[in-house]
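Protein chains: 2
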Amino acid sequence: MKQNIYDNNDFFEQYKALRAQEHNYNNLLEKPNFFTLMPDVKDKVVLDIGCGMGDFAAICMERGAKHVTGIDISTNMIAMARSLYTDANLNFKQVPFEDFTVPAASIDLISSSLAFHYIADFSQLIEKISLALRMDGILLFSIQHPIVTASKAQTGWCLDEHKNLVHYAVDDYHSEGLRKLDWFVEGVEMYHHTLSTLVNTLIEHGLQIEKIIEPKPTEEAIKQLPKIQKELRRPSFLIVRARKV
Amino acid sequence: MKQNIYDNNDFFEQYKALRAQEHNYNNLLEKPNFFTLMPDVKDKVVLDIGCGMGDFAAICMERGAKHVTGIDISTNMIAMARSLYTDANLNFKQVPFEDFTVPAASIDLISSSLAFHYIADFSQLIEKISLALRMDGILLFSIQHPIVTASKAQTGWCLDEHKNLVHYAVDDYHSEGLRKLDWFVEGVEMYHHTLSTLVNTLIEHGLQIEKIIEPKPTEEAIKQLPKIQKELRRPSFLIVRARKV
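Those sequence lines, one after another, are chains R and W.
Residue 2 in this note's numbering is what sits at position 2 of the first sequence, and the numbering runs on without skipping anything.
When you read off a place in the second sequence, starting at 1, and then add 245, the result is the number in this note's numbering.
Read the hints as simulated data drawn from the structure, not as lab findings.
These numbers were taken from a predicted model, which means no experiment stands behind them.
Possibly wrong hints are sitting among the right ones.
[As the list claims (entries may be wrong)] Restraint ranges, calculated between C-beta atoms of paired labels, are given here:
hint, chain 1, residue 1, chain 2, residue 2, range
1, R, K180, W, L404, 17 to 27 Å
2, R, K230, W, K468, 33 to 43 Å
3, W, W402, R, I222, 26 to 36 Å
4, W, A349, R, M38, 30 to 40 Å
5, W, K461, R, K180, 20 to 30 Å
6, W, G309, R, F35, 45 to 55 Å
We put the beta carbon where it would ideally sit given N, CA and C, even for glycine.
Between the sequences and the hints, there should be enough to build the whole structure, so can you do that?
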């Protein structure tokens with residue numbers, strides 16, 4: 001059974017509230033870095049995996065994409081996306097990532113923002129992506145950093161007696177697979193993969209690494225959200241751009 | 246002043262004793278993985294950076310290399326290497342990594358085992374390596390893993406009251422640069438670089454990533470050296486193979 005945490009209503013309401021905040025980790029850390037790696041999408045065909053509320057798909061349309069498909073497992077998300085963005089060349093489909101089907105070599109850009117850590121079989125996903133991409137097409141995705149997903153106990157930050165952060169706990173690095181964590185609700189499921197698994201899986205499927213970003217908060221971001229300063233001490237996200245060769 | 250810790254006699258004697266043990270981290274973890282990424286060197290020209298006692302250079306000769314140069318900053322190491330291995334096509338030179346000079350596009354394989362973390366300017370080193378490699382030449386190197394080099398305090402493993410390992414401490418990840426640690430003697434200097442810096446520096450200098458290994462101990466290795474089991478919990482090394490394109 002594929003996890004569909006975004007259709008848990010408690011989770012979804014809290015998630016929407018988080019994303020509605022102007023100064024959150026996505027807006028200050030993940031998004032700006034993600035966009036620095038975005039290729040020109042003018043007249044291109046885009047598939048956005050885990051499209052959520054459709055913001056990225058809509059930006060691709062604004063930038064002149066020929067056609068954009070956003071897929072997400074969550075009916076909540078797809079309903080939101082459809083209500084927010086309407087364009088004949090922008091389609092949203094409620095489908096688990098694992099089950100999307102598109103013609104071979106039909107897509108110029110496959111994007112995915114903070115969704116791939118929900119996927120158990122990373123290799124199978126990348127195989128499908130590689131088949132779907134045109135030659136020279138781009139895969140651009142962000143994912144929870146392996147440093148963050150590693151520990152089975154999800155210990156996270158260790159605190160001293162004054163509740164100051166001492167360091168971040170890494171453990172179980174080579175035990176890839178399911179991790180359960182409490183994020184708004186108990187037992188959200190995600191999957192840990194090592195850095196080498198992530199990189200080598202792309203390469204083995206004909207996707208050449210072009211750049212990796214471990215987002216680092218800017219001084220401006222730290223002014224707006226001081227607690228984001230701790231992102232200098234350990235990376236939360238990994239953003240990867242790769243090219244089908 | 247370039248650090249030359251291997252010419253500190255206290256350090257060197259202890260280092261030799263460690264490497265003389267049959268079951269050490271190098272023999273059980275780093276070396277076997279390093280060799281899985283080694284290209285065919287028959288009739289090839291090889292440069293080994295940080296050649297130490299010359300073992301890898303000698304193996305390249307055994308495998309039919311046309312010419313091998315080993316360089317190391319340490320006169321102790323170079324003296325050992327010259328006494329152990331003599332072959333007209335095998336040269337050892339005492340020179341800091343930063344100062345090696347070879348004709349452009351003259352080398353087929355540049356190798357380096359656990360030495361690059363001693364180098365302050367990684368980008369300058371990779372620029373020189375890229376110039377030295379022939380088109381399609383290979384850079385194969387191992388380095389301390391960024392998870393291990395990150396913390397300025399070099400806290401390492403956190404222990405419980407029974408001295409059991411609890412987790413590994415990561416901190417200061419985005420503060421790249423000098424780290425001092427006590428390894429045989431006080432204040433051994435090494436340099437921390439993030440994973441993304443390591444990978445992107447290669448790519449920016451025309452070296453395409455072919456594979457990354459974060460070595461994982463085998464069951465056999467754990468039988469021979471039980472304490473190596475903790476390497477399942479956090480990676481010590483990163484091994485990278487890249488091709489000049």
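What hints, given by number in increasing order, does this structure fail? none
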